[in-house]
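Chemist: Count the sequence shown with the working numbering and you get residues 14 to 84, in order.
You can trust all of the hints, since none of them are fake.
The calculated PhoX-like cross-link candidates involving lysine-lysine, where the alpha carbons are at most 25 Å apart (straight line), are:
{"#": "1", "residue 1": "K31", "residue 2": "K43"}
{"#": "2", "residue 1": "K64", "residue 2": "K43"}
{"#": "3", "residue 1": "K64", "residue 2": "K31"}
No lab work stands behind these hints: they were computed from the structure.
Just so we're clear, the structure is a prediction, and the values are computed from it rather than from any experiment.
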Amino acid sequence: MTDIEIRTDFIQLDQFLKLAGAVPSGGMVKELLSGGGILRNGEPETARRRKLVSGDVVAVDGIGVYRVVRI
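Required output: the full structure, derived from the provided sequences and hints.
Modeler: What follows is the structure, given as structure tokens:
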């Protein structure tokens with residue numbers, strides 16, 4: 014699991030995945046969501062603009078697992 018630091022109270026899922034380097038674009042996030050390839054805290058995610066907060070864990074199928082950490 015890789016910790017990704019943010020400086021705000023929350024971050025949108027698509028922005029977070031780009032920050033983490035897991036995806037090159039928002040379009041890829043949309044594709045992954047439609048195929049069930051993203052889990053948030055162990056549950057399938059469907060909203061690319063879902064607000065993530067510190068402690069949330071995002072797993073991207075075949076790419077990696079990332080945790081939101083507020084600094």
